[in-house]
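Line order of the protein sequences matches chains Z and L. Mapping the first sequence onto this note's numbering, position 53 (from 1) lands on 53, and the numbers just tick up by one. Mapping the second sequence onto this note's numbering, position 75 (from 1) lands on 75, and the numbers just tick up by one.
In case anyone wonders, no lab produced these hints; they're calculated from the structure. Some hints here could point you the wrong way.
Calculated cross-link-like contacts (lysine-lysine; reagent style DSS-like; alpha-carbon spacing at most 27 Å) [stated by the list, open to error]:
id, chain 1, residue 1, chain 2, residue 2
1, Z, K66, Z, K45
2, L, K33, Z, K45
3, L, K55, Z, K66
4, L, K55, L, K33
5, Z, K70, L, K70
6, Z, K62, L, K33
7, L, K55, Z, K70
8, L, K59, Z, K62
Computed far set for chain L versus chain Z, every beta-carbon distance over 10 Å [claimed, not checked]:
id, residue
9, I36
10, V38
11, F53
12, I57
13, G58
14, G61
15, A63
16, N66
17, Q69
18, A89
19, R93
We put the beta carbon where it would ideally sit given N, CA and C, even for glycine.
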Amino acid sequence: RSRRGSAGNTGGTGSSGSGMDAPSAAGLGGADPQLQRFIEVETQKQRFQQLVHQMTELCWEKCMDKPGPKLDSRAETCFVNCVERFIDTSQFILNRLEQTQKSKSAFSESLSD
Amino acid sequence: MESGSGSDFGSDFGSGGGGGGKLDPGLIMEQVKVQIAVANAQELLQRMTDKCFRKCIGKPGGALDNSEQKCIAMCMDRYMDAWNTVSRAYNSRLQRERANM
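Excised from the complex, chain L in its bound form (with noise of 0.2 Å):
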């Protein structure tokens, strides 16, 4: 994860939107989407890749072997149903305090 990754959103800029200069604001709130889900894919990846590394590998050895990976698979799969879990969790519980306001 770079820390500059406005550099490409940057030159998408001049690009877009034809000539004189005109922004397409349609345009704009396309690539931000897209830029966010990338933001948060790179984020879910980099919990991951920690959350899994503690768990699958105990001495690192001279390269990963059977066992580790097949536990790291494993923990992805879990992961992922972890996050999602959350996220309903989380999702249910807004609903219901703004219910409750």
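If we strip away everything but chain Z, and leave its shape as in the complex, we get (with noise of 0.2 Å):
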């Protein structure tokens, strides 16, 4: 599976692990290496929790009827097929606007001779 697209680069969570994604922490750590990972961890839970929060939200209007006196196995698998879905969505539209890209180019290239 492509790298490019992943559910590790929607909605701005980053790539795993190094958090190539982040604009450098260079500036904001210092010379401090410690402070530096420190700022590149905190940056990288803050995007997933920021979309947690976002696809809560969505997910919330689409599964919730009326709030029950508890979260009914219908509702709990909506919400999971929802995140499924909502990540799905980001990637097909990643790959889709890199496929328009990349064919746009190819034909201006040919027009400009």
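Join the two chains into one complex using the hints; note that each chain is given alone, in its own frame.
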């Protein structure tokens, strides 16, 4: 599976591990590598949290009718599916955007002679 | 949620770390973590309030009646359940993606 458009990159959660997608933390932590690492880790954690907030809000609209005494299994399944489909949507958009940009530049190259 | 929330953090900078203006990175990291946790709690509360108001309050009356209060209480718990479910599902998906890479 190609790395581009993986769930790690959707909604700006950053690639797994090294946080390479984050803007360089060097300026923020100064010379202290411990602070730098800390900033990278916390930034990635925050991206995760933000996406959870966002998806909870979206999926609540889709999956919740009237709040009951507990979350029934149908609603729970809906939330899980909702998360998966949201990430699929995000990946789909990234991939298709990449494709259409590729074909656009090929087209304009052939015109510019 | 005030926009200038850095001010508390800034005043702690000066008093921490003893003499000579030396800043303890461990202390800074702890304070940042607290600030982040507070911000997340505020975010959660704000969205929860929005959703539960929409679900539970029809035409706003002169006060919150009993049924509205019950609804809000249940809604809060369900929203937390939803949040936790989403968090777990998202985490699983991320781990699956990493395993596939």
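| field | Given pair status - Z/K62, L/K59, alpha carbons within 27 Å | value | It holds: about 23 Å lies between the C-alpha atoms, which stays within 27 Å.
| Interface exclusion of L/I36 relative to chain Z, criterion Cβ beyond 10 Å | It is violated; L/I36 is separated from chain Z by about 6 Å at its closest Cβ, not greater than 10 Å.
| request: Quickly compare the C-alpha distance for L/K55 and Z/K66 to 27 Å and report which way the hint goes. | output: Distance of about 7 Å is within 27 Å: holds.
| query | Minimum Cβ separation between L/I57 and chain Z greater than 10 Å? | reply | Given a closest Cβ separation of 12 Å, the condition holds.
| Holds or violated: L/K55 to Z/K70, with C-alpha atoms at most 27 Å apart | 16 Å, holds
| So is L/N66 really clear of chain Z, every C-beta pair being over 10 Å apart? | 15 Å, holds
| query | Keeping to a limit of 27 Å between CA atoms, is the pair of Z/K70 and L/K70 held or broken? | reply | 13 Å, holds
| Is the Cβ of L/Q69 farther than 10 Å from every Cβ of chain Z? | 13 Å, holds
| said: The output says L/A63 does not contact chain Z. Does that hold with a beta carbon cutoff of 10 Å? | reply: 20 Å, holds
| field | Non-interface label on L/R93, tested against every C-beta of chain Z at 10 Å | value | At about 5 Å from chain Z, L/R93 fails to clear the 10 Å cut-off, so the statement is violated.
| query | Does Z/K45 lie within 27 Å of Z/K66 when you go C-alpha to C-alpha? | reply | 32 Å, violated
| Regarding the assertion that L/G58 does not contact chain Z, is the least Cβ-Cβ distance greater than 10 Å? | Fine: 12 Å to the nearest Cβ keeps L/G58 off the interface.
Consistency with the previously given hints fails for numbers 1, 4, 6, 9, 18, 19, ordered from lowest to highest.
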